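Residues per chain, in single letters:
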Amino acid sequence: MTNIDGAREDLAAKLAAIPGATEITERRDGLWMSAPQLDVEAMAREMNALGYRLGTMTGVAAEDGETTVIYHYARPPLAVNIKTRTRDGALPSVALIARPASWAEREIHDFFAVNFPGHPNLAPLLRPPQLTDGFFRDAATAE
Amino acid sequence: MPFTIPIGPFHPALEEPYKVRVRCAAETVEQVNVTVGFCCRGIELLAQRRNWVQAVTLIERVCGICSSVHTTTLCRAIETVAGIEAPARAVYIRTVLCELERIHSHLLWAGLAAEYIGFQTLYMEVFTLRERIMDLLERISGNRVHYGMNRIGGVNRDIGEPAPVIAEVNAIGAAIERQLVPAFLHNATVTPRLAGVGVLSREQALEWGVVGPVARASGVDTDVRSDFPHGGYSDLGFRIVTRPEGDVQARVVVRALELLESIRLVTEALRRLPAGPLCAFEGVPVIPPGEAIARAEAPRGEVIYYVASDGGECPARVKIRTPSFVNIPALETMTVGQQLGNVPLIQASVDPCLSCTDR
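One line per chain: the protein sequences are A and B, in this order. To convert, count from 1 in the first sequence and add 59; that's my numbering. To convert, count from 1 in the second sequence and add 5; that's my numbering.
Same shape as in the complex, but just chain B:
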């Protein structure tokens, strides 16, 4: 007889609240229902009660891990409405922050994945690397999270000495290539635990509209950095990473190899950092009536911002579509037919962010 197990809302996979109701026949999953909304903060509504400058600070709080891509995308949408072009140096600094943030996010996820499969040694090695990235982010921005780097029209802080940052990023990249990539691609403890688990076919990925590493691990070659080149990506080039298998192992491999591409992008952006101002204007921005959208590739996938202005001091509307909002629903298909014991691992493999999803 089938039975139903409620998992969550506390810590069903990662340390954020959502609920999964799993219906099983013996050990095999027959149906999954996902419930979110346990930490809805109404950030979009709050943004309509902040002025344009305050809204940037507020939006940084959508997510503690990918805060920079959120403010970058918001600022790009506002700049489109206002017809502002951020200076080239600011655009490159934004790119550096977004890629360092991706490295941090992927390392955080890789460490937790290692812990879930009981590989504590790898978990500790990965988190040591993550700590070095956080040190770098702190050196650049002054903060370990919520970097406060972006402003409308540019950035708040310069990267005055790129050389030491390049050296440290390359050292971290070498360690990732030496320790992490072989572990996730070839280690006998890792690969049998992940291969063939939680498969999402290419057709299913397209049907459910998943994005980011989840889509790329199912053979869908989508990435905003190449689909809609913007910022530094237009000049620096970009190599997309895809895998055809669609399983948890493929999601791990895609993220591991993307780390190396992010290392390259950070290095190139810092080497080519253009001279010039950090912001397009001085003083408080005036945003005329209008509307615009902006897209960017967050660590978990495509993020979309819609911004509308009525010419007032505050945004008339800020809409945020985060990648987890479209990746989490696909759990309802990729867990069917799987062993109950694999459900936490499959959930973790989409790197669900409820802070982003619920906003």
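Chain A on its own, in the form it takes in the complex:
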């Protein structure tokens, strides 16, 4: 077994113990997990403990009004992308667990109006003052 295989199996085993976790799949651009009901705070703590760095988070508007949120982690040579969904427009903040999440969550709040309970300062980051939270979602609806 190579080191990469070992790291991948170690990651899979640790994540499998987290509530809401699903199977990890391997793609050309890294490892992916799609877990709509994932306990993201437990996930963030585990990824920290395993030495993975949170690169950023991506928000993608879903048709039912919820938002898909993807956490992009890396610990070379592994890149891990963990996909979950908001619940009633909210997802627990992981900003106090992983600092890079702070601005990423503020950006997703600006663009998609996702609430992140527990965020220390969910103030607008990039949103122009004449627009409202969720202006990416509003623009898509206006089309």
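FYI, nobody ran anything at the bench for these hints, they're computed from the structure. Warning: the hint list may mix true and false statements.
Here are the computed lysine to any residue pairs in the SDA-like style, where the Cα-Cα straight-line distance is at most 20 Å [to be verified]: (1) B:K24 <-> A:E105; (2) B:K24 <-> B:T9; (3) B:K24 <-> A:A182; (4) A:K142 <-> B:D315; (5) A:K73 <-> A:E105.
Stretches of chain B that chain A covers, calculated by requiring three or more beta carbons in the stretch to come under 8 Å of a beta carbon on chain A [claimed, not checked]: (6) 207-217; (7) 296-302.
From the derived model, a few chain B residues whose C-beta atoms are all more than 12 Å from chain A [what the hints assert, rightly or not]: (8) G13; (9) V34; (10) L117; (11) F124; (12) N175; (13) D228.
Values in this document were obtained by computation on a predicted structure and should not be read as measured data. Heads up, the beta-carbon is just placed ideally off N, CA and C, and yes, glycines get one too.
Since chain A is already given, all that's left is putting chain B on it; use the hints.
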């Protein structure tokens, strides 16, 4: 009694808008709050209203300095979704452009840093070198900025005569080694002004998730070119530059030495430029449903692109994480305890790009 000084949003460090509120006790900084978002153009949203070809042109406008790495990374993400392999010649040309762009970016920053510390002679010497790199980029692409070299599946233009480019790059490299590197490593005007200023420890660098030269100057050996080898880097090899000190001087030294590695990479890529086509296909690309991410090392650090397609003419989602987005917040820790007069220099040392950050 503590007092608060608002710096910005106009020209707090470089000529882009952001705001820093600095709370001081006498001359010592106690707390810093950074505000960005003054030039949010909604580029990610606009990309969803452009077709795939137009989106590449749009994304080139994320940044005027590192435009090539943005379109390269976007195209790589799209190619992953579509299962396209760019031809080897195109991959090498992309590598050449990205490294020339890094040399340009680092020289631009070094010149401005020299100006900030009042070393006008060095500033002019550095900008003379920068101009020669811009001439090279213009010779290759036809443009001084926004090179328009990338397309989905490959590149738009060839480098037909590598030999003169190699000769000029090596001449510039020799000048960098002779003039710039000794100035930033040993000059008595430079080093006392930078050493020990704006320290970010290795632990803090890891905690804040900083990337690029800022991370490497704090002893974190991270660089996408070695962490996730792609494109020409898999064949050309790569030597990472790190320093343990974590101060402004270390950030300067890392960038200065990285210039030499970029010179080597450009030279090697041009010497080994594979024969073959410039693009994997002819005509308009059809992108099937799917999603992918791509990473690359921009001059300021790791850039991440997430692309989703629903099979339509336009991207369903383009997400861009630029390096300044994670480097700028760390100003809030590296300025605490510093002298107020050093704040502009510390800000400049992370090479903040607000065009990238705000998008």
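Which of the listed hints are not met by the structure? When the structure is compared with the hints, numbers 1, 13 turn out to be violated.
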